[in-house]
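2 protein chains.
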Amino acid sequence: MGELTKKFWNDDPTSLLRVRGGFRLADVDPGSTPGFNGVDRQNADRALAEGARVLSTLQEKLFAGSKFGDARRVLLVLQAMDTAGKGGIVRHVVGSVDPQGIRLYAFKAPTEEERAHDFLWRVRKRLPDAGLIGVFDRSHYEDVLIARVRRLASPAELEARYGQIREFEQQLADEGTTIVKVMLQIGSDDQKARLMERLDRADKQWKYHPGDVDERMRWDTYQEAYQLALERTSTPAAPWFVVPAEKKWYARLAVRHLLIDALERLALEWPVAAFDVAAEKARLAAT
Amino acid sequence: MGELTKKFWNDDPTSLLRVRGGFRLADVDPGSTPGFNGVDRQNADRALAEGARVLSTLQEKLFAGSKFGDARRVLLVLQAMDTAGKGGIVRHVVGSVDPQGIRLYAFKAPTEEERAHDFLWRVRKRLPDAGLIGVFDRSHYEDVLIARVRRLASPAELEARYGQIREFEQQLADEGTTIVKVMLQIGSDDQKARLMERLDRADKQWKYHPGDVDERMRWDTYQEAYQLALERTSTPAAPWFVVPAEKKWYARLAVRHLLIDALERLALEWPVAAFDVAAEKARLAAT
Chain C
1 MGELTKKFWN
11 DDPTSLLRVR
21 GGFRLADVDP
31 GSTPGFNGVD
41 RQNADRALAE
51 GARVLSTLQE
61 KLFAGSKFGD
71 ARRVLLVLQA
81 MDTAGKGGIV
91 RHVVGSVDPQ
101 GIRLYAFKAP
111 TEEERAHDFL
121 WRVRKRLPDA
131 GLIGVFDRSH
141 YEDVLIARVR
151 RLASPAELEA
161 RYGQIREFEQ
171 QLADEGTTIV
181 KVMLQIGSDD
191 QKARLMERLD
201 RADKQWKYHP
211 GDVDERMRWD
221 TYQEAYQLAL
231 ERTSTPAAPW
241 FVVPAEKKWY
251 ARLAVRHLLI
261 DALERLALEW
271 PVAAFDVAAE
281 KARLAAT
Chain V
1 MGELTKKFWN
11 DDPTSLLRVR
21 GGFRLADVDP
31 GSTPGFNGVD
41 RQNADRALAE
51 GARVLSTLQE
61 KLFAGSKFGD
71 ARRVLLVLQA
81 MDTAGKGGIV
91 RHVVGSVDPQ
101 GIRLYAFKAP
111 TEEERAHDFL
121 WRVRKRLPDA
131 GLIGVFDRSH
141 YEDVLIARVR
151 RLASPAELEA
161 RYGQIREFEQ
171 QLADEGTTIV
181 KVMLQIGSDD
191 QKARLMERLD
201 RADKQWKYHP
211 GDVDERMRWD
221 TYQEAYQLAL
231 ERTSTPAAPW
241 FVVPAEKKWY
251 ARLAVRHLLI
261 DALERLALEW
271 PVAAFDVAAE
281 KARLAAT
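Protein chains in written order, with the UniProt record's numbering: chain C, 1 to 287; chain V, 1 to 287.
The hints are simulated quantities; they were obtained by calculation from the structure and are not laboratory data. All of these numbers come straight from a predicted model, not from anything done at the bench. Mixed in with the good hints there might be a few duds.
Identical copies look the same in the list; a pair holds intra-copy or inter-copy alike.
Listed below are the simulated DSBU-like cross-link pairs for lysine-lysine, each with C-alpha atoms no more than 30 Å apart in a straight line [stated by the list, open to error]:
#1 K7 to K108
#2 K207 to K61
#3 K247 to K125
#4 K281 to K7
#5 K207 to K125
#6 K7 to K207
#7 K248 to K207
#8 K61 to K248
#9 K61 to K7
#10 K192 to K125
#11 K67 to K204
#12 K67 to K7
#13 K108 to K125
#14 K125 to K67
#15 K125 to K281
#16 K192 to K7
#17 K125 to K7
#18 K192 to K247
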């Protein structure tokens, strides 16, 4: 763990939150704060602000490197039940990074054209270029989540998709993409309260859709679909992290940490100039 | 002027910075701070933070409205000489808004495919959808700026482009796009110092290109091209604003103000729910 990590964490959340063999989603306490050493919000706010600066510099190094041929990039995949806080992660964690370094895409229900292709076709078109942090708000995982719950694909097709996803992600990793997959976990009661809040507030009602309640009624089936997806597709090349998200500040801190950790592993350096610095200074001075 | 405006401005920068008949770029003092009433940086920092919250809420209302059929959107066009601070505006002003509400595109030298089409072809593909704030880092104006300086088009073709741009922007405005065009203005000496700083700092060298000095040698010709572009294309539907940018904090404050002002003129309201709120509360309560 780096200096920043030590200040705010008792134990490395990258390790604590990672989905490994034997993982059971039902065992995750959505209100817990694994690894965080502060007991109060103030400490979390300080940790968030410091983390923002660290993440920002790392992102700029990644971007700078790509201008000199470094092909590496990062892909953050966000999945969650409605109201769990994907939007807040995008706004507060992704939003703390220079927008020029981000490629964000929110996947909706597939269009007719997209449905005419294999399920990874539309995903390939939204991958980040070298030097960028790609962010998927929902992703190809919908094709083994809502697709399973709503029986939008045959059992054999669903079964095949886990393998196709593993291969796809392995290929991305081989080509230089660091993949960080995050599921934000809340409890069913908390979702109910959050949906009720959307109905209660004039500035939140626009986020509510009557269909949200229909999906909510399938809560247990979704949890089973998540359990399966997590255990079948958490690989060394593309691990899943399940982040307890009832405390929003914790979820933001943890996801930021996961991004910082992924970028630190790349051991990024400022690129060395491909031109003669002294000669350029002389040219510039003469103008 | 709204409450926020009155706190930080003596006079409305939207009016002060706007390019009108008789405008002369050479008369702009790049180190000035038109309209700002604070003498110290602290006041500017407070103004920036307060403005960020205001802008953030306005953007969310714009986005929310689009989910209920409001077709309006905003387009911020950024043009400037190298090092004038376009990147800083994107990072600090655009970056203070929820990334989900932004469509950012940085135009580079046109590709072979792009050159095979008319100069507005590639621009049309990057326009913001309803509810979004589009941001152009460079734009179709390069086709009357570098194209004029470097003689990449015939004099007749260049002359025709001003009219094509006016028509294009009028059409966008008629379709519900509020266009804000910003030129960040620095002085030649300041550019020299900023380029020298890039050469001096290991974390900045990656931003330097030897070609920057070649463009710099054409400073006066660029200023003439800007003068022409500003006077030919600042229209009621798509006005230009020239923002003095030697003081970075001022440029950020002013551009944020221009965006806030553009959004306030839209008189945005939170959309009214298209469903029966009481019935939805009852359905949700029953789950």
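Structure-based check of each hint:
no.	hint	verdict
1	K7 to K108	neither (39 Å within a copy, 42 Å between copies)
2	K207 to K61	between (36 Å within a copy, 11 Å between copies)
3	K247 to K125	neither (34 Å within a copy, 40 Å between copies)
4	K281 to K7	neither (41 Å within a copy, 44 Å between copies)
5	K207 to K125	both (27 Å within a copy, 28 Å between copies)
6	K7 to K207	neither (37 Å within a copy, 33 Å between copies)
7	K248 to K207	within (18 Å within a copy, 36 Å between copies)
8	K61 to K248	both (28 Å within a copy, 23 Å between copies)
9	K61 to K7	within (23 Å within a copy, 38 Å between copies)
10	K192 to K125	neither (35 Å within a copy, 41 Å between copies)
11	K67 to K204	between (41 Å within a copy, 12 Å between copies)
12	K67 to K7	neither (33 Å within a copy, 42 Å between copies)
13	K108 to K125	both (14 Å within a copy, 21 Å between copies)
14	K125 to K67	both (21 Å within a copy, 24 Å between copies)
15	K125 to K281	neither (42 Å within a copy, 39 Å between copies)
16	K192 to K7	neither (35 Å within a copy, 41 Å between copies)
17	K125 to K7	neither (39 Å within a copy, 46 Å between copies)
18	K192 to K247	within (15 Å within a copy, 49 Å between copies)
In the structure shown, a violation is registered for the earlier hints numbered 1, 3, 4, 6, 10, 12, 15, 16, 17, in ascending order.
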